[in-house]
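Enquirer: These protein sequence lines are chains A and B, in that order.
Just so you know, the working numbering puts 13 at position 13 of the first sequence, and the rest follows in order with no gaps.
Just so you know, the working numbering puts 238 at position 162 of the second sequence, and the rest follows in order with no gaps.
Don't read these hints as lab results, they were simulated from the structure.
Glycine residues also receive a C-beta, built at the ideal position from the N, C-alpha and C atoms.
Honestly, I wouldn't trust all of these hints.
One-sided excerpt, in silico: chain B residues whose CB lies under 8 Å from chain A [claimed, not checked]:
(1) L176
(2) I178
(3) D185
(4) L196
(5) A197
Under the rule of at most 30 Å between Cα atoms (straight-line distance), these lysine-lysine pairs were calculated in the DSS-like manner [to be verified]:
(6) B:K200 x A:K50
(7) A:K43 x B:K101
(8) B:K82 x B:K128
(9) A:K2 x B:K240
(10) B:K233 x B:K200
(11) A:K43 x B:K200
(12) B:K150 x A:K60
(13) B:K150 x A:K47
(14) B:K240 x A:K10
(15) A:K47 x B:K128
(16) B:K217 x B:K240
(17) B:K228 x A:K10
(18) A:K2 x B:K200
(19) B:K101 x A:K65
(20) B:K102 x A:K43
(21) A:K43 x A:K10
(22) B:K130 x A:K50
(23) B:K78 x A:K10
(24) B:K150 x A:K43
(25) B:K125 x A:K60
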Amino acid sequence: MKEVVEVIAKALVDNPNQVIVAQNATEKTVHLQLTVAPEDMGKVIGKQGKIANAIRTIVKAAAVKDGRRVIVDIEQ
Amino acid sequence: MKVAEKTGKTVEEAIEACLAELNVKKEHVTIEVLEEPGKKGLFGLFGSKLAKVKVSFEDDPGNLACEFLSNLTKSMAVDANFEVFRREEHVLINITGSDLGILIGRRGDTLEAIQYITNLAVSKRLADRTRIILDVEGYRKRREDTLIKLAKRLAEKVKRTGNKIVLEPMTPQERRIIHTALQNEWKISTFSEGEEPHRRVVISLKRNASNKDVS
């Protein structure tokens with residue numbers, strides 16, 4: 001799931017080498033924290049969080065087989 | 077068109093270096109070997125000659141989209157292939173493979189999200205804005221047929237009962253399918269109400285001066 005966020009974020013930002021995804025998994029949930037360069041924040045969030053929500057939708061789809069809940073947070 | 081020129085001990089190594097620089101896959105490039113390796117240099121003094129290759133990549137929307145989608149599906153552990161159809165106004169990419177339900181999602185939610193992100197990823201790398209439309213195993217066509225049938229059935233019900241029917245929220249493309257399906261029903265009028273992404277189609281009996289903002 002971590003890779004999914006990485007692939008998407010790297011394709012959208014100007015500084016792909018500054019894309020970091022930290023994964024924090026427990027039994028029931030997987031917590032993914034996406035960090036990008038400050039000037040790239042808008043490119044992974046979008047107007048009214050449209051891009052962020054699309055990323056969440058795709059990650060959730062990827063996590064269906066896994067069965068755990070996935071939370072994607074974006075941090076500067 | 078993007079071009080990379082690299083040298084390496086072998087032709088393969090030089091090609092790999094070019095692919096890494098261009099960040100593309102071998103399937104989408106044209107390779108030209110400029111110099112074969114292995115021959116000894118002048119009097120054998122300067123070591124063996126390196127291979128030199130030129131790799132060019134046609135960075136058209138279809139190729140870029142496939143590149144991104146193949147990375148994405150791989151990260152999702154989905155085995156998928158891509159068929160590209162270059163149309164006049166857009167590029168259609170049909171994704172084929174087995175077990176692709178997760179790429180569609182509930183009522184196509186996931187497919188919409190992937191299409192949206194793919195368009196962003198491609199337009200980021202290209203100046204011209206070609207629209208990319210994704211389909212999974214003909215899902216969109218089937219969905220269109222379903223929506224047309226639904227529209228006709230509900231229109232009959234509206235005619236029978238005289239009550240208006242409010243449909244569930246849909247994407248602009250899906251709403252358009254409903255409006256188009258019923259535009260020749262002279263007793264019926266359709267319009268949309270609410271704000272995105274909760275905009276819904278309303279099917280009602282035509283009245284003299286009611287709301288008619290169709291979109």
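Enquirer: Next, verify each hint and record whether it holds.
Expert: Against the structure, the hints come out as follows:
The interface hint given for B:L176 is violated, since its Cβ lies 11 Å from the closest Cβ of chain A, which is over the 8 Å cut-off. A distance limit of 8 Å between C-beta atoms decides the matter here; for B:I178 the minimum to chain A is near 5 Å, and the interface restraint holds. The criterion of a C-beta within 8 Å of any C-beta in chain A is met by B:D185, whose closest approach is roughly 6 Å, and the hint holds. For the restraint placing B:L196 at the interface with chain A, the shortest Cβ-Cβ distance is roughly 6 Å, inside the 8 Å limit, so the hint holds.
Of the supplied interface hints, the one on B:A197 holds, with its beta-carbon coming within about 4 Å of a beta-carbon of chain A, less than 8 Å. Pair hint B:K200 plus A:K50 holds up; C-alpha atoms about 17 Å apart against a cutoff of 30 Å. For the suggested pair A:K43 and B:K101, the alpha carbons sit about 25 Å apart, so the restraint of at most 30 Å is met. Distance hint between B:K82 and B:K128 is fulfilled; the C-alpha atoms sit about 6 Å from each other, no more than 30 Å.
In summary, the hint linking A:K2 to B:K240 is not supported, as the alpha carbons are separated by about 46 Å, beyond the 30 Å threshold. Among the hinted pairs, B:K233 with B:K200 is inconsistent with the structure: their alpha-carbon atoms are about 47 Å apart, more than 30 Å. A threshold of 30 Å between alpha carbons decides the hint, and for A:K43 with B:K200 the separation of about 10 Å falls inside it, so the pair holds. At most 30 Å may separate the alpha-carbon atoms for a hinted pair to count; B:K150 and A:K60 meet this at roughly 15 Å.
Between B:K150 and A:K47 the alpha-carbon distance is near 28 Å, which keeps this suggested pair within the 30 Å criterion. For a cut-off of 30 Å, the pair hint linking B:K240 to A:K10 is broken: about 47 Å separates their Cα positions. Between A:K47 and B:K128 the alpha-carbon distance is near 46 Å, which puts this suggested pair outside the 30 Å criterion. Of the pairs offered as hints, the one joining B:K217 and B:K240 holds, with about 27 Å between alpha carbons and a cut-off of 30 Å not exceeded.
Restraint check for B:K228 and A:K10: not satisfied, since their Cα atoms lie roughly 44 Å apart, outside the 30 Å limit. Taken as a hint, the A:K2 and B:K200 pair is honoured in the structure, with Cα atoms around 22 Å apart against an allowance of 30 Å. With a CA separation close to 28 Å, the supplied pair B:K101 and A:K65 stays within the 30 Å bound. Between the alpha carbons of B:K102 and A:K43 the distance comes to roughly 29 Å, so the proposed pair stays at or under 30 Å and holds.
The hinted pair formed by A:K43 and A:K10 meets the criterion: a straight-line CA distance of about 10 Å does not exceed 30 Å. For the suggested pair B:K130 and A:K50, the alpha carbons sit about 40 Å apart, so the restraint of at most 30 Å is broken. At roughly 19 Å between alpha-carbon atoms, B:K78 and A:K10 fall within 30 Å of each other, so this suggested pair holds. A threshold of 30 Å between alpha carbons decides the hint, and for B:K150 with A:K43 the separation of about 23 Å falls inside it, so the pair holds.
Simply put, B:K125 and A:K60 have alpha-carbon atoms about 52 Å apart, too far for the 30 Å limit, and the pair is violated.
Hints 1, 9, 10, 14, 15, 17, 22, 25 from the earlier list are contradicted by this structure; the remaining hints agree with it.
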